[in-house]
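Letter by letter, the chains look like this.
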Amino acid sequence: MILAIVAAGVFVKQFHYDRAVFLGAAPSGTAVKPSALLSPAVNAFVELPGELTPLSAPETFNPDNLYDKIDGKAELYLSAGVLGLRCQRFALKNDPNTWMEFFVYDMDNLRQSFAVFSMQQRADAQLLDLATYAYQTKNALFFCNGRYYIEAVTASPAPEMMAAMVLVSRQFIANNPPQQTRLAELDLFPSEHRVPNSYMLQPADAFGFDQFKNVFSARYTVNGAEVMAFLTIRPTAEDATALSAAYQQFLLTNGGRNLPGTGKVPAASLAELLGSVELVFSRGKVVGGIHAAPNAEAAEQMAALLYKKISEATP
Amino acid sequence: MTNPQDAQGISRRDFLARAAKAGAAIAATGVVGYWLHDRVGPKAQTVTDLVSLPDFSLPGVGPKMSIITGTERVKTIGRAFAALGGIEQFIKKGDRVLLKVNAAFASPPALGATAHPQLVAEVIRLCYLAGAAAVAVSDNPINDPQSCFRLTGIAEAAQTAGARLVLPQEDYFKPTTVRDGTLIKNWPVLYEPFRGVNKLIGIAPVKDHHRSGASMSMKNWYGLMGGRRNMFHQDIHNIIKELAMLVSPTLVILDGTTTMMSNGPTGGSFDDLKQTNTMIVSTDQVAADAFGATLLGKTAANLPFIAKAASAGRGTADYGSLKPVRDHVD
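Protein sequence lines correspond, in order, to chains A and H.
Count along the first sequence from 1, add 1348, and you get the number used in our numbering.
Count along the second sequence from 1, add 288, and you get the number used in our numbering.
These aren't lab readings, by the way, just hints derived from the structure by calculation.
Among the hints, erroneous ones may be present.
[Stated by the list, open to error] Cut-off 25 Å, straight-line C-alpha distance, at most; resulting in silico cross-link-like pairs (DSS-like, lysine-lysine):
| # | chain 1 | residue 1 | chain 2 | residue 2 |
| --- | --- | --- | --- | --- |
| 1 | H | LYS562 | A | LYS1486 |
| 2 | H | LYS363 | A | LYS1417 |
| 3 | H | LYS611 | H | LYS586 |
| 4 | A | LYS1657 | A | LYS1612 |
| 5 | H | LYS363 | H | LYS611 |
| 6 | H | LYS562 | H | LYS586 |
Pulled out of the complex, with its shape left as it was, chain A reads as follows (with noise of 0.2 Å):
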């Protein structure tokens, strides 16, 4: 009977191989016009204002399909462990023409959508007040709400169409209220010097060292030169001290040179790297340090300010 059962499933699941892999993706139409390749308007995936209209059905991306959607990209999200995408177009009602596209990433908590967030941050971007994560381009919304990325773009960034977009955006967050709104490891970042919109959490391989996982970073500008101060968080203070020592050890194994300290920061390591001058230390669970710095004197100074907030902030 079991024989029976399992000849009966193979059977029935050779009709269902995946032709995908032996020819191509299985796109159709050829030689269409474009007047033919209108989307049919349906459903919003999002509660809409009376502005705007769906321009395309919504899209659905799992992270084994996600370069589907936007290809080499989808590593950067992969690595921050990402869990769906969906998405849809939507056009202003009276203008057709003028469209976006609404993104919303699952990525399962604050600290991976923040992630993303921070890693494709603009350079020129102005902060928006949707939620504590959030700026805006000249074309474009980008925030955080708690486990959910999200990016309004548009190409036509008219001031009604800009305006619907926060509007979605508003009624999106109203409708899906954040469990957390805010990162604590940012809080232990000193804000004097600091430049703005330079937040950045990295995963994973920080400044390529392997064991450097979820290491936050700000960037500082001291007397003229900039600087990153990071810092990573670990379960025991134990662990903190043998991850300062490892990296410490990790820039001398790949050409780094010690370089001796003035003692501003207890148990710092600096070390000369490719021009350029590292530090690490850690107090408590954390560890932090300055990275690339354009000399010891810049790399000390920031790293004080840093060891003086954590030593505040964590007693």
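For chain A, the structure is supplied; the task is to place chain H on it using the hints.
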């Protein structure tokens, strides 16, 4: 707990009967299996099934390159061809031309993620002006093909300019293998648009790429691949090299009028773009990409696929050795 029947044992007669039934069941299964067995099996892709793309490069022309600065694509592409002696040096009367554009995303032209429709239209016009008998435009986009060709503006540009738009469909793909390659083996390639064609032009924008560092002329051939091609992203530099081994174009057009400097290959914000106002035409796809790297603020050495393609004999990373013709057009 013991079954009373088992406890009593079975008779010799019962044993023989059960053994006969079991034997019959096994024999029946064997017969059914034999009946269902496909002695031929799924048709293998034999050597004779494999296709290879023709060599579209022009014999005797040698590596040539022009680099034209200017803000208007229609003007810079015209000057770029003129600098090489005119498009007539490459497209002859009666030629049947395929333009492999980058239409990867359903993204408007202003975001710089795809070939610009104005450029596509102008190249079609120039081909016909040179006497081409037919021009076709094709790509196998990442996103839905119809949406991609429509929203990029390429569909309208192609058809307004008189080209045939060839969207991919399942039976347009044939398996191919790159000689001396390790990745492209028995892999489906968009073959149908090449039938009857004797000239091939690649048209691609200059873009940052999260995985490979850049997407330019050679990466543009990725749009000829079918199947589960995203697996090749795990070996991105070698797949780009093999794409360059797969395709020998008549020439490539690398559009650096607007360069996507960051967050590629999709971009999304105007802030990802920079006006670099440069148009490149070259018969050497490696050299074109080597120069394109400079528009991204990089060098050829920063992009391993360039050295790999050069080592495979597909061109030179030393674009200066081609003595490119440089000019500017207002």
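Hints versus structure:
1. Taking the CA atoms of LYS562 of chain H and LYS1486 of chain A, the gap is near 14 Å; set against the 25 Å cutoff, the hint holds.
2. Simply put, LYS363 of chain H and LYS1417 of chain A have alpha-carbon atoms about 33 Å apart, too far for the 25 Å limit, and the pair is violated.
3. Restraint check for LYS611 of chain H and LYS586 of chain H: the C-alpha separation of about 20 Å stays at or below 25 Å, so the hint holds.
4. A C-alpha spacing of about 14 Å is found between LYS1657 of chain A and LYS1612 of chain A, which places the hinted pair at or below 25 Å, so the restraint holds.
5. Straight-line distance between C-alpha atoms of LYS363 of chain H and LYS611 of chain H comes to about 22 Å, which keeps the hinted pair within the 25 Å bound.
6. Distance restraint check for LYS562 of chain H and LYS586 of chain H: the Cα-Cα separation of roughly 14 Å lies within the 25 Å cut-off, and the hinted pair is therefore satisfied.
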